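Participant: Chains as they are written, first to last, in this note's numbering: chain A, 53 to 161; chain B, 53 to 161; chain C, 53 to 161; chain D, 53 to 161.
Just so you know, these hints were derived from the structure itself, not from any lab.
Fair warning: this is a prediction, and the values are worked out from it, not measured in the lab.
Nothing false has been slipped in among the hints.
Intra- or inter-copy, both count: the list cannot distinguish identical chains.
EDC-like cross-link-like pairs, simulated, lysine to aspartate or glutamate; straight-line CA separation at most 20 Å:
#1 Lys-126 <-> Glu-58
#2 Lys-152 <-> Asp-80
#3 Lys-145 <-> Glu-160
#4 Lys-132 <-> Asp-55
#5 Lys-108 <-> Glu-91
#6 Lys-132 <-> Glu-58
#7 Lys-138 <-> Asp-125
#8 Lys-140 <-> Asp-71
#9 Lys-128 <-> Asp-55
#10 Lys-99 <-> Glu-160
#11 Lys-132 <-> Asp-62
There are 4 protein chains.
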Amino acid sequence: MTDIQELIRDLTAFRNERDWNQFHNPKDLALAINIEAGELLELYLWKHAEEANVEKVKEELADILSFALLLADKYKLDVKQIVQDKIKKNGEKYPVDKAKGTAKKYDEL
Amino acid sequence: MTDIQELIRDLTAFRNERDWNQFHNPKDLALAINIEAGELLELYLWKHAEEANVEKVKEELADILSFALLLADKYKLDVKQIVQDKIKKNGEKYPVDKAKGTAKKYDEL
Amino acid sequence: MTDIQELIRDLTAFRNERDWNQFHNPKDLALAINIEAGELLELYLWKHAEEANVEKVKEELADILSFALLLADKYKLDVKQIVQDKIKKNGEKYPVDKAKGTAKKYDEL
Amino acid sequence: MTDIQELIRDLTAFRNERDWNQFHNPKDLALAINIEAGELLELYLWKHAEEANVEKVKEELADILSFALLLADKYKLDVKQIVQDKIKKNGEKYPVDKAKGTAKKYDEL
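Whenever a hint applies, use it, and build me the whole structure from the sequences.
Facilitator: So, in structure tokens, the structure goes:
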């Protein structure tokens, strides 16, 4: 069992013990990710990047990852595979010779 | 090397080849997570949960996970540990006997 | 007719001509606001505040305001009133003598 | 003075009394809009559209509108104008004969 599989096992066990699967449709899981992402963002509001409270960042990041893994599990996605597929696709959108050192979007390169 | 470590290695290699570390401060990574979360949410807009395009969900979910892992790496966090710590903490906020079968927030239980 | 009433009239006319009221339940309108907010945020990603494209900011801000006004209209809220009520409430959370010159949240003042 | 101008006057007065203009750069205002949008979204999480607490919706909607108006004011935008311009632009992207009764995005019409 990989560490990602282990986390999904722990998260779904937590959910199932509370009989929460009935609420966890993909749309609401997408809402949950956005809500947690907003809570993470709040830790940086009106601040410089280095001023955020790292203990709180840990918790919000954990929440985002948790709902992302639960959503991946809903669709039975292979998390490692979808991330590696996206890295490959991004490599085509952002070839090193064009994208190096610039933060421009691919359609402005 | 675990799955998570492997993904972080691939993501940071992709970033470093493009010399993008200069842009990837924690605050902007938090912005990136929110932007990608919004793109995921759009796949469910005006729709029932089961109507989303799963191929696109894969990509947006991969983007969210990628920026979340890059942010975790910035702070040198142990991803498995922070998720398991949060599950434990949530277990205290949502004890099974109170939380079972209800979607209420912990402060309304 | 006030400016706000005029905008709500124009927005609901646009919606009704397209028979979109059927999709515009409050939950999906809240999703739409988040999606547009994410698109606004993208205009600042990896950038300093003054580097955003103002023409694009106008459009994203207009989208956010439009869905916010449509949601207010769903509940028949008086937009001017709810904003002024919130200003008053925030005045109690952030009294001038405590909040002046600091970006701290009210629970940290 | 229109009602939008009146709200902007009240919001900037509140801000200035607290000497908060120093924190209110456009990028952080865009963050604030996203954070408040996430708080609005939370009121619908795991729920049907009609189950949200309307009193709380009022407050979150007021927060979103407030930061949107403050951001518009930063760029000295004419709020009524930018919304009406966007309605016109959307009319071209979503002509009635193609868009009527469908929730499809303009690039799928």
